[in-house]
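Knowing the structure of chain A, use the given hints to seat chain B on it.
Same order as they appear, the protein sequences are chains A and B.
Each residue of the first sequence is one higher than the last, beginning at 2 in this note's numbering.
Each residue of the second sequence is one higher than the last, beginning at 2 in this note's numbering.
These aren't lab readings, by the way, just hints derived from the structure by calculation.
Hints should not be assumed to be uniformly reliable.
Claimed, not checked - To be clear about the criterion: a stretch of chain A counts as covered by chain B if any three or more of its residues have a C-beta under 8 Å from a C-beta of chain B, and this derived list gives those stretches:
id: 1; region: 93-102
id: 2; region: 115-126
id: 3; region: 141-153
id: 4; region: 218-226
id: 5; region: 423-429
id: 6; region: 457-466
id: 7; region: 483-490
Stated by the list, open to error - Straight-line C-alpha distance at most 25 Å; calculated PhoX-like pairs for lysine-lysine:
id: 8; chain 1: A; residue 1: K257; chain 2: B; residue 2: K107
id: 9; chain 1: B; residue 1: K170; chain 2: B; residue 2: K27
id: 10; chain 1: B; residue 1: K296; chain 2: B; residue 2: K257
id: 11; chain 1: A; residue 1: K32; chain 2: A; residue 2: K253
id: 12; chain 1: B; residue 1: K402; chain 2: A; residue 2: K39
id: 13; chain 1: A; residue 1: K476; chain 2: B; residue 2: K413
id: 14; chain 1: A; residue 1: K107; chain 2: B; residue 2: K257
id: 15; chain 1: A; residue 1: K353; chain 2: B; residue 2: K198
id: 16; chain 1: B; residue 1: K198; chain 2: A; residue 2: K215
id: 17; chain 1: A; residue 1: K215; chain 2: A; residue 2: K32
id: 18; chain 1: A; residue 1: K354; chain 2: B; residue 2: K17
id: 19; chain 1: A; residue 1: K27; chain 2: B; residue 2: K402
id: 20; chain 1: B; residue 1: K253; chain 2: A; residue 2: K107
id: 21; chain 1: B; residue 1: K493; chain 2: A; residue 2: K493
id: 22; chain 1: A; residue 1: K476; chain 2: A; residue 2: K27
id: 23; chain 1: A; residue 1: K253; chain 2: B; residue 2: K296
id: 24; chain 1: A; residue 1: K215; chain 2: A; residue 2: K257
id: 25; chain 1: B; residue 1: K17; chain 2: B; residue 2: K27
id: 26; chain 1: A; residue 1: K198; chain 2: B; residue 2: K353
id: 27; chain 1: B; residue 1: K296; chain 2: A; residue 2: K493
id: 28; chain 1: B; residue 1: K402; chain 2: B; residue 2: K373
id: 29; chain 1: A; residue 1: K413; chain 2: B; residue 2: K198
id: 30; chain 1: B; residue 1: K487; chain 2: A; residue 2: K493
id: 31; chain 1: B; residue 1: K413; chain 2: A; residue 2: K179
Quick caveat, the model's predicted, so the values are computed rather than measured.
Backbone N, C-alpha and C define an ideal beta-carbon position, used for all residues, glycine too.
Protein chains: 2
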Amino acid sequence: MKYSDATPAEIDSALKEAHVAFLSYKNISGKRKAEFLKAIADEIEALGQELVNAAMQETSLPEARIINERGRTTGHCRMFANCVDEGSWVEARIDTAIPDRTPAPKPDIRKMLVPIGPVVVFGAANFPLAYSTAGGDTASALAAGCPVIVKAHPAHATTSELVAKAIKKAVDKTGMPKGVFQHLHGASFEVGQTLVKHPLTKAVGFTGSLAGGKALFATASQRHEPIPVFAEMSSINPVILLPETLSRDAEKTGEKLAASITLGVGQFCTNPGLIIGIEDDGLVRFIKALSAGIKNTIPGTMLHQGIADNYSKRLEASLAQKGISVEGESISPAGAAQGKPLVASVSASEFKKNPSLAEEVFGPFSLVVKCKDLSDLHSVVSQLHGQLTASLIADDAELSKHQNIINSLIEKAGRLIINGVPTGVEVSPAMQHGGPYPSTTDSRFTSVGIDALKRFVRPVAFQGFPNSLLPNELKDENALKIWRMKNNEWGKD
Amino acid sequence: MKYSDATPAEIDSALKEAHVAFLSYKNISGKRKAEFLKAIADEIEALGQELVNAAMQETSLPEARIINERGRTTGHCRMFANCVDEGSWVEARIDTAIPDRTPAPKPDIRKMLVPIGPVVVFGAANFPLAYSTAGGDTASALAAGCPVIVKAHPAHATTSELVAKAIKKAVDKTGMPKGVFQHLHGASFEVGQTLVKHPLTKAVGFTGSLAGGKALFATASQRHEPIPVFAEMSSINPVILLPETLSRDAEKTGEKLAASITLGVGQFCTNPGLIIGIEDDGLVRFIKALSAGIKNTIPGTMLHQGIADNYSKRLEASLAQKGISVEGESISPAGAAQGKPLVASVSASEFKKNPSLAEEVFGPFSLVVKCKDLSDLHSVVSQLHGQLTASLIADDAELSKHQNIINSLIEKAGRLIINGVPTGVEVSPAMQHGGPYPSTTDSRFTSVGIDALKRFVRPVAFQGFPNSLLPNELKDENALKIWRMKNNEWGKD
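Isolated chain A, as found in the complex (with noise of 0.2 Å):
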């Protein structure tokens, strides 16, 4: 091993630090974080192919896929930069005071959100990068002006340890707080209990494996002082063939969804591993085009030895299943710690029956559900867990005509897509990742977008408090010009 587990004594001491960074950080203005995060973009792209290399070396991936997590990770640092630089995303809210009101005086109330405290992030298998120690989770954490502890992932140790270097130098280069940053590793299931029941973790952020999400959760529900976990967990993200669209578009829309299943070796959480359409002509020739995709597809190294074990014995646990029919593989053979491409198919009826057939087998696998008509493909839909999305294919004309399939989709999933595949995550405002259980923990928030900075922030109400000890956000000069709700109205002044 050549990074050793963190002990008790080292984790204690890693809060601690966090604690007393948290205190000053938390009052550093957002034109400073965004020096920092900036600083962090910067520190990642200095590191150079020194990164790239200890990223492939570690997790098989392609240099263009690294290059281009790379590209994603320092452009959130720097889209969270920009957002704590322009300040708005505080939601401030000011209700000026009725002195003359009767029965009783309104007082002066003032709202804004303020961060939580040291947050710990997991670090993901299956991004090196933009999930990891510079990760969306800590980008994010760390522009709401929470300490971050980092629990690197042991598959990619290495590359987590010269990203942390990269933003230790940006926390020197601007001189933050030392304890702002930590960084810590652990193979062992206890580093990451013993992180999450420290008393002074206010957060966790976590992509991964259902049962890890879950094990974190529950020990952060029972801790003394219960705090919020975000965990993405698992998805098998359907994706809906309205049949007079696909009989249109069938041959085109199986290569790409071949492609999509295919991405990355499977190795995303918004792989589309579950196809719902109605058996006819248009979905025959959907099925050929899109065995013939994978058929043509190479297997592919996965991200670590364990992961293309877990997915060979998941594989094989659901074409054991009753009523499988393999579609189409890849005709060219599997190394050990590769993924063969792999498309199957079953009936409406046996994949309502049998609930182990809607679990998340992580990797380039994906089943069609054959349903009989429409009254059946709803009965399917309704029949989902929740998930991060959910994508149809049906042009205006068609999806008008089923309105009530988009209505059930809106209870499944965090983000519907119209015509286009679910993975590829645009980092944007209004991207929402993250959906009902066993998707995350909370769907009431996003890892992507500015807003996942909302769940590690807390609202405050300052009452009657004189403008010159107001946080500047909620001064009456609004000097950093933000957006503010003043009296129910929006406006900048």
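Chain B only, in chain A's frame:
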């Protein structure tokens, strides 16, 4: 027993009805939901003296208080009505497409808040109207688009029945789906547990004891699908007296706090149960005035015998702690169900050693902590648990010298008050009624003010939707004329 506990079958059928109602209620326009909420207010008023008498009889609260509380209840129903009629609460975000962006086109993504599903609300003992059947939890959940199942508080079950009838009349009159509001009784622990465990329950609102809130939170967290619980539980609402200001205002401050401590027989979640000052002449005069106010306050009848017994027991236990001196108590004898106003004092050093002294004693009691100096005061403050409120009695000049105390208090409370008492919670957009544990189970939310509905909603993103199929809140034309953030700018266009 006048009302029998709901059976498991009744609970199951209530949740099933609520779920069915949800599927249509969630799509009802803000305008019609507003009519419904206003009709609830009207029907509650139409109950007239019958409701006032029932509440007075069941809670021993005086008529003026009940009438005041009814006004607050109808007031928040109308406030939420106006909020959903106006519509901007959905936090619409629109990021328009950039089809020619390289390397990949930017899709059109739009996001808004949607209701989470059926909410179980527990009536509170201390507010038979404002935090019960048509209380803030119910009104905010209905405004958000969530059906509500109220479990009546057994101590005022008839009052609850009357209000439930008024709500059901409003349901009928405004043509809402029948299952949108349901009312159950339950004196037993099991009824609450069964409601929270039901798979169709999607969130819980609770105001009550720490033990009660923690039990519901634990049950909700241990479900197969964990659900959010907003429990408002325990707060001693510290009041900090800064010495220079106090020396000028000792008598008036003592009188003001005596009134706040004994208001409503001390049965407010914002009751000032802890007063922290520095041992000097000002504090001696303050305690003298406080004690005089307490001595002259006649014991009032508490909400029910259980609360009165609990107050006596906890008061006795507090007074038996080491170093406690009684500073003043009501000179009138207290009857069986009455709460005797009492203030005691303790040195900061004893207070810091004895965590039991920081626990809530629900009733007309407050403990004065005598600090040796400002650093002693600061160390008492830094040891406080989470609170709904923290108040500072100090003028601007003195406060500006002690901003570090404000800085500490932000970590401890949801609302900071300068030169006011914590009792009296303004219902306005900037209000924060909620705070770090143990005051609530999730400091990121409020149970008072329009933001209370954020507890019961989740964001959903719509990607690549044709304009015609978007919810009205997100359509290009913004026919509802709501505030939206479009490409990072707020506006109504």
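Status of each hint after checking the structure:
no., hint, verdict
1, 93-102, "holds (count 3)"
2, 115-126, "holds (count 3)"
3, 141-153, "violated (count 0)"
4, 218-226, "holds (count 5)"
5, 423-429, "holds (count 3)"
6, 457-466, "holds (count 9)"
7, 483-490, "holds (count 3)"
8, A/K257 to B/K107, "holds (18 Å)"
9, B/K170 to B/K27, "holds (20 Å)"
10, B/K296 to B/K257, "holds (14 Å)"
11, A/K32 to A/K253, "violated (48 Å)"
12, B/K402 to A/K39, "violated (34 Å)"
13, A/K476 to B/K413, "holds (22 Å)"
14, A/K107 to B/K257, "holds (18 Å)"
15, A/K353 to B/K198, "holds (24 Å)"
16, B/K198 to A/K215, "holds (17 Å)"
17, A/K215 to A/K32, "violated (37 Å)"
18, A/K354 to B/K17, "holds (21 Å)"
19, A/K27 to B/K402, "holds (20 Å)"
20, B/K253 to A/K107, "holds (21 Å)"
21, B/K493 to A/K493, "holds (14 Å)"
22, A/K476 to A/K27, "holds (18 Å)"
23, A/K253 to B/K296, "violated (84 Å)"
24, A/K215 to A/K257, "violated (33 Å)"
25, B/K17 to B/K27, "holds (15 Å)"
26, A/K198 to B/K353, "holds (24 Å)"
27, B/K296 to A/K493, "violated (51 Å)"
28, B/K402 to B/K373, "holds (18 Å)"
29, A/K413 to B/K198, "holds (20 Å)"
30, B/K487 to A/K493, "holds (16 Å)"
31, B/K413 to A/K179, "holds (24 Å)"
In terms of the numbered hints stated before, the structure departs from hints 3, 11, 12, 17, 23, 24 and 27, listed from lowest to highest.
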